[in-house]
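Residue 150 in the UniProt record's numbering is what sits at position 150 of the sequence shown, and the numbering runs on without skipping anything.
Careful: at least some of the hints might be erroneous.
Listed next, the in silico DSBU-like pairs over lysine-lysine satisfying Cα-Cα at most 30 Å (straight line) [as the list claims (entries may be wrong)]:
#: 1; residue 1: K99; residue 2: K149
#: 2; residue 1: K104; residue 2: K146
#: 3; residue 1: K104; residue 2: K51
#: 4; residue 1: K81; residue 2: K146
#: 5; residue 1: K51; residue 2: K146
#: 6; residue 1: K149; residue 2: K104
#: 7; residue 1: K99; residue 2: K81
#: 8; residue 1: K104; residue 2: K81
#: 9; residue 1: K99; residue 2: K51
#: 10; residue 1: K99; residue 2: K146
#: 11; residue 1: K81; residue 2: K149
#: 12; residue 1: K51; residue 2: K81
#: 13; residue 1: K51; residue 2: K149
Rather than coming from a laboratory, the hints here were simulated on the basis of the structure. Just so you know, these numbers come straight off a predicted model, no measurement behind them.
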Amino acid sequence: MNAASTAAAAPAPAATVQVPRGQVDLIDFIDWTGVECLNQDSSHSIVNALKQSLRDDEGLYLASDSDEQLLIYIPFMQVVKLHSALFKGPEEEGPKTVKLFSNKEHMGFSNVNDYPPSDTLELSSDHLIEMGLGLSFLQNKLLPLKYVKFQNVRSLTIFIEDNQSGSDVSKIHKIALYGTTLVSLPHVYYHSHCSHFGRLYFLFGKV
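Can you make the complete structure from the sequences, with help from the hints?
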């Protein structure tokens, strides 16, 4: 086999996210002990879409169970500012209407519509699918958030309201969040041993 044919047979490199200038991937600041997802298929859980080692594996995904909706809760180990988000999923079962709530505790499907979202994203299939190589996916796939609404975020709730095709099952390959941390706030303490949908406490010291 010559060099040209070997090169042709080699797998294409995976596309990588170009992180917005001044922002970081917040994956290292997630409090994994408190992450929860309501209505997930236990065989295709939230870790598949959120964890660094799993979310770039094309064979893994988060899937809903009894209907198309998902309610995801992500606490952070320290206060963060959210700048943008990225969702990757199938062209038909990928999320469409995504509502984001900053610092809202005790949310369930019974009361999620009782609160105004901090931001609502309307995704198209173009946001979700990878087209070609390198930056052909991505730069225009990052979804900027209403930055003023996400300045002091201790937790983020993501409500997947529906999907692209109206399918009974929603699927997400990847969720990535970008922003900055507020390391200047050492007086904030978290007690993450409590389950989110049960209770999550925080304490402010003197400023």
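Each hint, compared with the structure:
Restraint check: the Cα-Cα separation between K99 and K149 comes to about 13 Å, which is no more than 30 Å; the hinted pair holds. Simply put, K104 and K146 have alpha-carbon atoms about 16 Å apart, close enough for the 30 Å limit, and the pair holds. Of the pairs offered as hints, the one joining K104 and K51 holds, with about 22 Å between alpha carbons and a cut-off of 30 Å not exceeded. Simply put, K81 and K146 have alpha-carbon atoms about 11 Å apart, close enough for the 30 Å limit, and the pair holds.
Pair hint K51 plus K146 holds up; C-alpha atoms about 25 Å apart against a cutoff of 30 Å. Distance restraint check for K149 and K104: the Cα-Cα separation of roughly 13 Å lies within the 30 Å cut-off, and the hinted pair is therefore satisfied. For the proposed pair K99 and K81, the alpha carbon gap of about 17 Å is at most 30 Å, so the pair holds. Of the pairs offered as hints, the one joining K104 and K81 holds, with about 15 Å between alpha carbons and a cut-off of 30 Å not exceeded.
A distance of roughly 21 Å separates the Cα atoms of K99 and K51; the hinted pair therefore holds under the 30 Å criterion. Distance check on the hinted pair: K99 and K146 sit about 12 Å apart at the alpha-carbon level, within 30 Å; holds. For a cut-off of 30 Å, the pair hint linking K81 to K149 stands: about 9 Å separates their Cα positions. With a C-alpha separation of about 20 Å, the suggested pairing of K51 with K81 holds against the 30 Å cut-off.
Of the supplied pair hints, the one linking K51 and K149 holds, its CA atoms being roughly 25 Å apart against a limit of 30 Å.
Checked against the numbered hints above, the structure breaks none of them.
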